[in-house]
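Colleague: Listed here are the chains, written in short residue letters.
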Amino acid sequence: MKPNPYEAIPAVLLETVDETPLIRTLRIKPDRPVPFQTGQFIELSLPGVGEGPFTPSSSHFVTETMDVTVMKAGFLTDHIHKAKPGDRVGLRGPYGSSYPLAEFEGQDVLILGGGCGLAPLRSLFLTLLDEIEKYRSITFFAGAKTPQDCPYKEAFPAWRKHPRVRLVRAVDSVPPGEAWDEEVGVVTVLLGKLDIDPKSSPAVVCGPPVMMKFGTRDLLRLGFREDRIYLSMEKKMYCGIGQCRHCVMGEYYVCKHGPVFTYAQIKNEEGIWD
Amino acid sequence: MFYWTSLPFFRTFFQKGVRLLIHADDLLAFLRRCLNERIGPYREVYLPVKPDDHDSSAATLAPLREDSRPILDGYRAIDPVKLLLYGVRERVAPFDRESPAALLAGVKACDIKALEILDRALINDDFVDPAYRSWRDRTTVLSFDCTDAALTCHCTLVGGKPYAETGFDANAARFGDHFFLSAGTSKGKALLDLIRKHVRVDATHDKIPAAVEARRAEMTARVEAQNAAFERPEDYDHLKASSAEAWKEESRECVGCGACTHICPTCYCLILNDESRAANFIKVRSYDSCQWNGYARVASGASPRPRMDERFRHRYLCKLVFMKKEFGSLGCTGCGRCTEACPGGIDFRSAVRRLMETPPISRPAAGVG
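Going down the list, the protein sequences come from chains F and R. Take the first sequence: its position 32, counted from the start at 1, is 677 in the numbering used here, and no numbers get skipped. Take the second sequence: its position 210, counted from the start at 1, is 211 in the numbering used here, and no numbers get skipped.
Rather than coming from a laboratory, the hints here were simulated on the basis of the structure. Only a predicted model underlies this, so the values are computations on that prediction, with no experimental measurement involved. Where hints are given, some of them may not hold.
As the list claims (entries may be wrong) - Here are the simulated lysine to aspartate or glutamate pairs, DMTMM-like style, with alpha carbons at most 20 Å apart:
(1) R:K241 to F:E914
(2) F:K901 to R:D127
(3) F:K901 to R:D120
(4) R:K325 to F:D817
(5) R:K325 to R:E232
(6) F:K647 to R:E232
(7) F:K901 to R:D126
(8) F:K647 to R:D127
(9) R:K325 to F:E914
(10) R:K326 to F:D817
(11) R:K241 to F:E896
(12) R:K249 to F:D817
(13) F:K647 to R:D126
(14) R:K241 to F:E915
(15) R:K326 to F:E914
(16) R:K325 to F:E896
(17) R:K190 to R:D138
(18) R:K188 to R:D120
(19) F:K647 to R:D97
(20) R:K249 to F:E915
(21) F:K647 to R:D138
(22) F:K838 to F:D817
As the list claims (entries may be wrong) - Coverage of chain F stretches by chain R, computed from C-beta distances (three or more under 8 Å per stretch; other residues unrestricted):
(23) 692-702
(24) 715-729
(25) 859-872
(26) 883-889
We put the CB at the ideal spot given by N, CA and C, even for glycine.
Model the full structure from these sequences, guided by the hints.
Modeller: Structure (structure tokens):
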């Protein structure tokens, strides 16, 4: 007898961290472990409110708890931001495809992301860090609108100290009164500082659609291969299991065949950036 | 598609002793006795019934009651079979409902085909919808040959016939005043055995009588004739290359109500509502419609199909291209309900015909150009 695919695994909210005025990270502890592969997503439900797809932002080697970074964007996420430690939430999943870590081994890995798109990338980054000896280097280009919109502020200094990690941040603009001594400009301008070989390196991209579109364009111009650009797509993954059809993108279900696609896979599908 | 029953050996095997002829009145009486005298396992019988207040050949699916006026043959009911087996609104988690066996009679070939698609979509290696499976397991489906056609019927345009050859538990074919019954599954055989035990059976046959074949051919010709103006193309891939202007023109009268998808026997798009109380997680699934603006819109407000003509196009592509690719058969079974239900008077067949005739355009590359 197959388990009921609609049934949620109960979990408890342990703590929350306010990353930015709009982004909050929740640390949750499922009643039973929910092992996942980095890049996969879960359906997080708030009892009586609703359910939505989110990518864990913690390393997949951490199994006792799971971090989920949520941006306030609508009804459900407003309520998620109001949740308090001790509250019960539900999990379904994990669902979908993951980042192909085996293909990253021995490589210079580029991670390019912006805004709340940094959530799955944090998971990827931390997972790579846990086995850093397997990878030649990690270049992490992270973008945000303004300094105060940068998530994971506390963690960046420590991440940056790692010898095999090159971490560069850019913000679109610096409003008066905010301090910032890093790059200014859209995140894709950082690609001008790239010091790895585009022809052989994998690149992982996640962020707002417009950032993903122009990020992909610039990566292709630099010489990255279409089948080595990994995109974390976002569509309305309502059920997570290829049933509700909301996330259909041409012949793919984003929830089932994605959310991680290579650009080569989906470049001919309609509406990928919408 | 390969069916075991297409092999002569299996055909003989299936036919042996499981085909019988009973009077139409006796069959209906038997269905009533199932309920009144608790014959057999069926505690509920669903079938197409005439409306209470007027005589009409249009029937709706309903539970059989003392005063209901069933139409077992005729043409398909107004509402599709999915309405029963895949409810508009059903609690799916936790799911522990144990319901008694039911008999679903009067289903037509277009709905039988739809069930084959729903079976593939809702009961497969990756996924089993517990509520649908429960309905499916406990329900015996007795299909009936069409003896009439609605103006919108067009099963023959999409590779179908106005009678089912596979996919039913048991099938009833009109044979004068009688029905010629045959079983397709063990559930159907159990039904026929029960009928033979309780009803006077006029004859058993080991093959389909020539008169049934002749009436089927006649009915098929009638559906073909009323669709003579429409093509039956090899595939509908051309639709992908129809211009945005053509789609805008076809969807001009579309108000985006979603009636077409709700009444379509193969549409199963769902939303999952969380209706939890306290610590218990309760999930309720209900129908959604790709014709609605919020369907594919994400929280940020982005949507791959913000315009009505884009959503209209999506439905046609889903039915005629995507589902074909995914399930091996068209998502349209030719029941014509979407045309019948459309308040804008859009005829699915006519729209497809015109769109298939538009010169192809090369759509701009989707990627980064």
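Colleague: Now, for every hint given, state plainly whether the structure supports it.
Modeller: Hints, verified against the model:
Among the hinted pairs, R:K241 with F:E914 is consistent with the structure: their alpha-carbon atoms are about 11 Å apart, no more than 20 Å. Under the criterion of a C-alpha separation no larger than 20 Å, the hint pairing F:K901 with R:D127 is consistent with the structure, at around 10 Å. As the CA atoms of F:K901 and R:D120 are separated by approximately 19 Å, the hinted pair is consistent with the 20 Å bound. Distance check on the hinted pair: R:K325 and F:D817 sit about 46 Å apart at the alpha-carbon level, beyond 20 Å; violated.
Restraint check: the Cα-Cα separation between R:K325 and R:E232 comes to about 18 Å, which is no more than 20 Å; the hinted pair holds. Under the criterion of a C-alpha separation no larger than 20 Å, the hint pairing F:K647 with R:E232 is inconsistent with the structure, at around 44 Å. Proposed proximity of F:K901 and R:D126 is supported: the alpha carbons are some 13 Å apart, at most 20 Å. In summary, the hint linking F:K647 to R:D127 is supported, as the alpha carbons are separated by about 9 Å, within the 20 Å threshold.
Restraint check for R:K325 and F:E914: the C-alpha separation of about 17 Å stays at or below 20 Å, so the hint holds. With a CA separation close to 43 Å, the supplied pair R:K326 and F:D817 exceeds the 20 Å bound. Only pairs whose Cα atoms come within 20 Å are accepted, and R:K241 paired with F:E896 is accepted, the gap being roughly 12 Å. Restraint check: the Cα-Cα separation between R:K249 and F:D817 comes to about 38 Å, which exceeds 20 Å; the hinted pair is violated.
Distance hint between F:K647 and R:D126 is fulfilled; the C-alpha atoms sit about 10 Å from each other, no more than 20 Å. A hinted pair counts as satisfied when its Cα atoms are at most 20 Å apart, and R:K241 with F:E915 qualifies at roughly 11 Å. Restraint check: the Cα-Cα separation between R:K326 and F:E914 comes to about 15 Å, which is no more than 20 Å; the hinted pair holds. Our distance criterion of 20 Å between C-alpha atoms is met by R:K325 and F:E896, whose separation comes to about 11 Å.
In summary, the hint linking R:K190 to R:D138 is supported, as the alpha carbons are separated by about 15 Å, within the 20 Å threshold. At roughly 16 Å between alpha-carbon atoms, R:K188 and R:D120 fall within 20 Å of each other, so this suggested pair holds. At roughly 13 Å between alpha-carbon atoms, F:K647 and R:D97 fall within 20 Å of each other, so this suggested pair holds. Straight-line distance between C-alpha atoms of R:K249 and F:E915 comes to about 17 Å, which keeps the hinted pair within the 20 Å bound.
Between F:K647 and R:D138 the CA atoms are separated by roughly 15 Å; this keeps the pair inside 20 Å, and the hint holds. A distance of roughly 17 Å separates the Cα atoms of F:K838 and F:D817; the hinted pair therefore holds under the 20 Å criterion. Evaluation of the coverage hint for the segment 692-702 of chain F: fulfilled, as 6 residues show C-beta separations to chain R shorter than 8 Å, against a requirement of three. Against chain R, the segment 715-729 of chain F contributes 4 residues with a C-beta closer than 8 Å to a partner C-beta. That satisfies the three-residue criterion, and the hint holds.
Note: the segment 859-872 of chain F has 4 residues with beta-carbon separation from chain R under 8 Å; the three-residue rule is met and the coverage holds. Under the rule that three or more residues need a Cβ within less than 8 Å of chain R, the assignment of the segment 883-889 of chain F holds, with 6 such residues.
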